[in-house]
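Position 219 of the sequence shown, counted from 1, bears residue number 219 in full-length UniProt numbering, the numbering being contiguous throughout.
None of these hints come from the bench; they were simulated from the model. Mixed in with the good hints, there may be bad ones.
Claimed, not checked - Label pairs and their computed distance ranges (CB to CB):
hint, residue 1, residue 2, range
1, 132, 193, 15 to 21 angstroms
2, 170, 130, 39 to 45 angstroms
3, 131, 172, 18 to 24 angstroms
4, 207, 122, 31 to 37 angstroms
5, 172, 114, 21 to 27 angstroms
6, 193, 167, 16 to 22 angstroms
7, 161, 205, 28 to 34 angstroms
8, 170, 136, 34 to 40 angstroms
9, 230, 166, 23 to 29 angstroms
10, 204, 240, 36 to 42 angstroms
11, 193, 234, 29 to 35 angstroms
12, 157, 134, 22 to 28 angstroms
13, 130, 241, 40 to 46 angstroms
Unchecked claim - Straight-line Cα separation of at most 25 angstroms, SDA-like style, residue types lysine to any residue; simulated pairs:
hint, residue 1, residue 2
14, 159, 232
15, 225, 146
16, 155, 206
17, 155, 170
18, 210, 191
19, 166, 114
20, 155, 179
The C-beta atom is built at its ideal place from N, Cα and C for all residues, glycine as well.
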Amino acid sequence: MAIIHSINTSLMIFCFGSAGLLISAKLPQLKLKQLTPEISQVLPATSRLTIAGLSTDKTLTKTSSVYPELEPLSSEKTASDLVEPQVTPKRLKSKIPKVLPATSYFTDAIAAITYQVVVDLSDTTVYLYWGEQLLQSHPVAIGKPGWDTPTGSFKIIRKQPNPIWKEPITGELIPPGPDNPLGERWIGFWSDGHHQIGLHGTDEEELIGKAVSHGCLRMLNQDIKQLYEQVSLGTPVIVRN
Numbered sequence: 001m002a003i004i005h006s007i008n009t010s011l012m013i014f015c016f017g018s019a020g021l022l023i024s025a026k027l028p029q030l031k032l033k034q035l036t037p038e039i040s041q042v043l044p045a046t047s048r049l050t051i052a053g054l055s056t057d058k059t060l061t062k063t064s065s066v067y068p069e070l071e072p073l074s075s076e077k078t079a080s081d082l083v084e085p086q087v088t089p090k091r092l093k094s095k096i097p098k099v100l101p102a103t104s105y106f107t108d109a110i111a112a113i114t115y116q117v118v119v120d121l122s123d124t125t126v127y128l129y130w131g132e133q134l135l136q137s138h139p140v141a142i143g144k145p146g147w148d149t150p151t152g153s154f155k156i157i158r159k160q161p162n163p164i165w166k167e168p169i170t171g172e173l174i175p176p177g178p179d180n181p182l183g184e185r186w187i188g189f190w191s192d193g194h195h196q197i198g199l200h201g202t203d204e205e206e207l208i209g210k211a212v213s214h215g216c217l218r219m220l221n222q223d224i225k226q227l228y229e230q231v232s233l234g235t236p237v238i239v240r241n
């Protein structure tokens, strides 16, 4: 019986030992198989790392999810491609002032220096001078008593073709036309801010040469149009007795 018991014990030890060897041989593979899914979550599908077979091919591509912002450097790129390009500043175009042609301001300035209008109330005549040379003269109607034409040195301050006349007493406005007392042209040389005095045409040419106006100097329409073309703003006007 002792012999049989010892044989049974030996068989049990042998069986358990064989089983232990088999388990120890399979245990690394089981652990690696259990770890493989967890590693696959970290490494991309393009990685060539074969954990279960213990392969040495461990290439990781830089375009994988582990390095999403990096790209491999192409062999065609050179060091100069990695340097920021130099930005050449734009050259500003030089602003050259344009030479403007002669304008009415220029001609007006010349006329203001060279021409001079002189009104002689004693002979009811207006004279146009170029320097000291008399160019033309025209008869005028002057202000009536109580509405005397002011005397002194003035300058032309306004020119108006086909003016609108405002009656100085009633304030009535008369539009341009044959019934307008200002005629076809207005050359103003005096104003107090409310009333104006100047040379102008008339709708009553038969009164030229008389003291009948409200202070203005009436002229024949053909004469005022001729004088209008000769003078400019700023031309001196002298009114004397």
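Hint says 36 to 42 angstroms; check whether the CB-CB distance for residue 204 and residue 240 agrees. violated (25 angstroms)
Range hint 39 to 45 angstroms (beta carbons of residue 170 and residue 130) holds or violated: For residue 170 and residue 130 the Cβ distance comes to about 41 angstroms; the hint holds.
Look at the Cβ atoms of residue 161 and residue 205 and judge whether their distance stays inside 28 to 34 angstroms. Violated, since residue 161 and residue 205 (Cβ atoms, about 19 angstroms apart) do not stay within the stated range.
If you draw a straight line from the CA of residue 155 to the CA of residue 206, is it 25 angstroms or shorter? Between residue 155 and residue 206 the Cα gap is close to 28 angstroms, so the pair fails against 25 angstroms, i.e. violated.
With the threshold set at 25 angstroms, check whether the alpha-carbon distance from residue 210 to residue 191 stays at or below it. The given pair, whose Cα atoms are some 23 angstroms apart, holds under the 25 angstroms limit.
Between the alpha carbons of residue 225 and residue 146, is the straight-line distance 25 angstroms or under? Roughly 28 angstroms between the alpha carbons, so the hint for residue 225 and residue 146 is violated.
Lying within 15 to 21 angstroms: is that true of the beta-carbon distance residue 132 to residue 193? violated (35 angstroms)
Is the hinted range of 16 to 22 angstroms satisfied by the C-beta distance from residue 193 to residue 167? holds (18 angstroms)
Just tell me: holds or violated, for the beta carbon distance of residue 193 and residue 234 against 29 to 35 angstroms? Since the Cβ atoms of residue 193 and residue 234 sit about 20 angstroms apart, the hinted range of 29 to 35 angstroms is violated.
Is 22 to 28 angstroms a correct range for the gap between the Cβ atoms of residue 157 and residue 134? holds (24 angstroms)
Sort out whether residue 170 lies within 25 angstroms of residue 155, counting only the CA atoms. Roughly 28 angstroms between the alpha carbons, so the hint for residue 155 and residue 170 is violated.
Do the beta carbons of residue 170 and residue 136 sit within 34 to 40 angstroms of each other? holds (35 angstroms)
Of the hints listed earlier, those the structure fails to meet are numbers 1, 3, 4, 5, 7, 10, 11, 13, 15, 16, 17, 19 and 20, in rising order.
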